[in-house]
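Chemist: Each chain is listed here by its residues.
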Amino acid sequence: MASYLNARSSIQAKNGQTALPIHSSEGDATIPVSFNNAEEHPYNETNHIDHGVTQAPYERAFSPYDFNGGTTLAISGEDYAVVAADTRLSSGYEILSRNVTKLHALTPRCVLGSAGCKTDIDQLRSVLDINMKVYHHNHRKEMSTPSVAQMLGNTLYYKRFFPYYSFNVLAGVDSEGKGAVYSYDAIGSFERTPVTATGSGQSFLIPLMDNVITHKNRNDENRPLPAEEVVEIVKDAFVTAGERDIYTGDQLEIMVIRSSGITKTTFQLKAD
Amino acid sequence: FSNLLINLLYEKRFGPYFIEPVVAGLDENNKPFLSGMDLIGAPVYTDDFVVSGTATANMYGMCETLYKKDMEPEELFETLSQALLASVDRDALSGWGAVVHIVTKDGVISRELKGRQD
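Chains as they are written, first to last, in the numbering used here: chain Z, 1 to 272; chain R, 1001 to 1118.
Treat the hints loosely; a few may be bogus.
Computed cross-link-like contacts, DMTMM-like style, restricted to lysine to aspartate or glutamate with a CA-CA straight-line distance of at most 25 Å [said to hold, decoys possible]:
hint	chain 1	residue 1	chain 2	residue 2
1	R	K1069	Z	E59
2	R	K1114	Z	D272
3	R	K1068	Z	D272
4	R	K1114	R	E1075
5	Z	K216	R	D1106
6	Z	K235	R	E1078
7	Z	K216	R	E1112
8	Z	K235	R	E1075
What the hints contain is simulated information worked out from the structure, not anything from laboratory work.
Build out the structure end to end from the sequences listed, making use of the hints.
Modeler: In structure tokens:
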């Protein structure tokens, strides 16, 4: 019979069961062996500084963001820009208010429209207003629309690693009096575009604008559209978005921005 | 046929066919018939339009705005093509051309469209 030392080293582990092979004149056999010292460290109740999470992991769910819904649309023209947004504030399946504005005039020639998390939007606006006051003090003139566009992009990127949950469009007239529209993502990437839409209803509106305003995939004559016609198109577009998007509805605010100033109109949408 | 499809899809309730079909045609009285379904056969019947695919949100917007009742086949073809082309151009997963079939009592007119090839 082999010595105990020899036997120990010849133990085979198979399928988690350690076994000692025995050779005898009667034939071969294996005796199952368990090493109790190794198993003597289970997690007992006193060892839970992690509160049991390693044994039973689960995901903690507090999200600092909420989506308060809404859609905004901005279209630039020859010497005007039109920006429109619905006035519904929602959270989940509930409507919090039917009469909250999403448009904010930053200068008499520039309007910011935002959809997303209302608290982040309000904070973003405060920050922008303050920075614009500082600019005004330092440069003794009002900020031009392209400068506002750049500043908004920078302000959003400051919070690159804990973003403002705000989807913005900026509409106004530039220093030459031409209509200017800028579209943004949540962390400040921006581009000057002829038309843009943002918010929960953006996918309903953008292809429509591509076809009707930017005239894509059309062979008929492309004539520049006057402001009144564009406002009618905007109303139709929002009726569509209101039909198919649950977060869009109640009322529509439309602002037409020209070098002479801003005119605001409201239009009723479906309240369902 | 729509009913047949519905039952066929629900048969595979726990191992479905990954399709979201739309059915369009004329019934026995030559009245237009439209229906859309999800992958397990839940139908929706409309008299204006049905959409399906990756660009559904885009298409709902286009169709809702451009649709009018009682269009003639030629006008319907124009409207349908504009709606489809504008929607797929804004979707990364759709595009590279389109096929349109107009079903009338005299037959089916099929045309191929060329859109953005990206």
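Chemist: State for each hint whether it applies.
Modeler: Structure-based check of each hint:
no.	hint	verdict
1	R:K1069 with Z:E59	51 Å, violated
2	R:K1114 with Z:D272	39 Å, violated
3	R:K1068 with Z:D272	23 Å, holds
4	R:K1114 with R:E1075	18 Å, holds
5	Z:K216 with R:D1106	33 Å, violated
6	Z:K235 with R:E1078	23 Å, holds
7	Z:K216 with R:E1112	18 Å, holds
8	Z:K235 with R:E1075	24 Å, holds
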